[in-house]
Structure formats: C-alpha cells, structure tokens
Amino acid sequence: LAERSNLAGVRHILLVLSGKGGVGKSTISTELALALRSAGKRVGILDVDLCGPSIPRMLRVQDSAVHQCDSGWVPVFVGQDKAIALMSIGFLLERPDDAVVWRGPKKNALIKQFVTDVAWGDLDFLIVDTPPGTSDEHISTVEALRPYQLLGAILVTTPQ
Amino acid sequence: AACQGCPNQGLCAAGAAGPDPAEAAELRARLRAVRHTVLVLSGKGGVGKSTFSALLAHGLAADETKQVALLDIDICGPSIPKIMGLEGEQVHQSGSGWSPVYVEENLGVMSVGFLLSSPDDAVIWRGPKKNGLIKQFLRDVDWGEVDYLIVDTPPGTSDEHLSIVQYLSATHIDGAVIVTTPQEVSLQDVRKEINFCRKVKLPIIGVVENMSGFVCPKCKNESQIFPPTTGGAEKMCQNLNVSLLGKVPLDPQIGKSCDRGQSFLAEAPESPATLSYRNIIQRIQEYCEQQHFKEEKIM
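Same order as they appear, the protein sequences are chains A and B. Using the working numbering, the letters of the first sequence map in sequence onto residues 1 to 160. Using the working numbering, the letters of the second sequence map in sequence onto residues 1 to 299.
These are computed hints drawn from the structure, not numbers from a lab. There could be a bad hint or two in this list.
As the list claims (entries may be wrong) - Partial pick of chain A residues on the chain B-facing surface, computed with a CB cut under 8 Å:
# : residue
1 : Gly22
2 : Ser54
3 : Val101
4 : Lys107
5 : Ala109
6 : Ala153
7 : Gln160
Glycine included, each C-beta is placed from N, C-alpha and C at the ideal position.
Just chain A, same shape as in the assembly (with noise of 0.2 Å):
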C-alpha cells in the first residue's frame, strides 16, 4: 500500500527568500498567507528558521503545542476558522527563550521531518519562511521539496 505523502494535497509551495537578514521574511509571509486566507485559500505555513522563529508570535498562537497523529505531526490551526495551518520549531521548544543552538546536519534532519512528515491535508498553498542566508537550512528545503513541484520563490529585500 503506497503511503500517501504529507505533501500530496498541496496544491502550491511557495519559499520566502532573502539572503539577508531582517528584511520582512516572515512578516511577508504571515501577510500573504492572511490575503490568501482572506481570499477564501486554504493555507499552510513552514517555518523552517530553526534559530529564529518568528511566525508563531506573528499569528499569537506561540503557546500552542504540536501534537502526533498516524501521518506525522498535526500543524497548529490558527483563528477561529482553524483556515491557517503552521508548523514552526517554536512549537517544540520547552521555553520559548531557548536557543536552538544546533550544528548543520542536525538543522537539516529536523527540516526533512518538517517537509515530509507534517499531516498538511489539503491546502492550496504552503508558504515557506526562511531564515537569512544560503546554507544548510535552504540547501535541506529545496532538496527535501524536490520530488514536488515548486511554484517558485519569492525574494524580498529592503532598499539599501
């Protein structure tokens, strides 16, 4: 029996990018999955800024808590319509002034697992918020999305 993937019934993955730091990632992304939402889309969004977690306070959902289920993780449902699913490592701390301070291979496993093993359901679009920079954690992602078809990214900057 072929397992069917997490991702399956994503309908569009979409990265937030930057290179640099404190740009408007995650406030850009928190933005435009609340206008899609607004525009009546289903929406899913991966926090994969494993140091630096900032949608779950951006949604005010930072003291939830993620729970198993068969397929995976379930992500957090946010608002009352529960329209906007999010998984983010700020879910996992104990304390959320814990410093994740981890080394590459050990930053890249936990983002396979965020990739692969959260129970999306259907959504019509999984924003990914990304930290700064072009290493491990943006290697991990577009690797581990390969097998699935990126929309594309957007790059945000500000003008200096």
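Assemble the complex: chain A is given as a structure, and chain B must be docked to it using the hints.
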C-alpha cells in the same frame, strides 16, 4: 565555483566540532598577540551587527596607537567589505599567512567577501565547510599584534557561532556585544542569543538597542519606527540582568554611509546617532581595559 579565488581550495576541510589539541595550539600561537576580542552577535538579522562592528572598528582605530582587526565571519552574507569601502579588494598570501586588507594602517579587515570572484557569487555552503573557513581565518591570517579583534557574526545560533566560540577558546574572548532593535520580534531572538552566550560561558559586555527612534530632521518630532511594545531592550536587560550599553536612533545617513563604504562617525559627527555610538564604544573600551587590569592583578 564558490571556491574560486580562495587561496586554500585544496586544504579546505569539512571540519568537525572544536579544534583538536594540535589545532588549538596553532590557534593559540597565532592569536597570542591579540589583546582584546569582542564578538558582535544578535540572533536576529538586519538589526545592525555589521554596521555596529564597522563603526566600533573605526571608533577604536581613531586612536592611532591602537591596532584594530575586523573579522567578518558571515559567510553567506558578508557585508563588511562594502561597509568598509573595500569592495573588490583581494586577499594576498605571504610567507606568514594571509594578509588582511587594510583600511587604515592600524585597521585590518578579513571577510569571505574578499575571496569571491564576483560580489554576487552566492556562498552556498553547509555548516562543516563554513567552519573550515572560519578556522582558516583565525589560523592563517597574519593579523600581527592586535589591540582589538572585533568579530562580526551572521544572525542565528548555529555553526558559525559555535565554531568561533570554540576556536577562540584557544585564546581569550573579552565578551559579546549583542545588537537588537526595540520590537518584540527582535527581542525574542535576542533572548535566545543571550541564553546561547550563557550556555557557552561567553561573557556579555552588554546590549545595544539600534534603530531606537527616529528624529525628523525638519520638524524634530520623534517617531518610534519599531515601537518597543514589550519595553524594548531596556526591559529585557533588566529582566535578564544584562547591561544596556546604549540606544542608537535611526539616521538615514547611516545606511547611506554604509552603502558608500564611509565611516558614518566621520561623515556625520554631529548626529545624535554618532554621539550614541561613541558613548557605547567608550563603554566597551572601558570594559575591555578593566578586564585586562583584573587579569594583570591576578597575575
């Protein structure tokens, strides 16, 4: 393609965790002539680490009797060459190692930016390769006698940060200066960085709150562009028992000076931001000198 221009392509190692005893000895020898080392950290990106590192270097180097070294270990996004007006410069090798690029006679700089064949080349490296280059920066650069080694870091708490702390354990780090902006989304990441410092026993010299208010040059009204909704760095420092070194207001001239590779302190000596920076730099100097004095007393 990312290795092009690097003097040590063949030797670039996929280094493991900390230095082995032989390497530690090598690093100790190379860094023996460094009197003070300051790490500039954040956790959050885009808060002004590189800007601050550059101005700290300029500020300290204003005293011509001091030798200052600025090491940029942001491998993916090296901003220091542009901010210091050194874009396009190359690293030269000599018998005694790699030569830093000098802005002034007493201010030398090293960055991966100098090793790229084109400024837009992406350095798409995983952790181990980044660690290898950082080790090389410490082991192979001929800094000479240095009064202040300032290390600019990328955002986060990962390979670069672990590695620099581990490699520099061969010598002595005076402490870390942590940069933030006033809003909670930044402070959230900065608290993690403070915990990182405590975890690796890195002393915290203090926190700098950047982009703290904007004074309109025309009407002189002050606005909070990044409102401190949870009390800003001040409250966080109180809660975590860490020193607040100062607050620096937003000044559009800062970004311009950085883009043009000029020292903001020199270009806008009258700006309130310059005054803040100078006060903070002085406090850092005093902290370092006190440490040295304490050590001499013990000896």
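Verification of the hints:
| no. | hint | verdict |
| --- | --- | --- |
| 1 | Gly22 | 2 Å, holds |
| 2 | Ser54 | 5 Å, holds |
| 3 | Val101 | 5 Å, holds |
| 4 | Lys107 | 7 Å, holds |
| 5 | Ala109 | 12 Å, violated |
| 6 | Ala153 | 13 Å, violated |
| 7 | Gln160 | 5 Å, holds |
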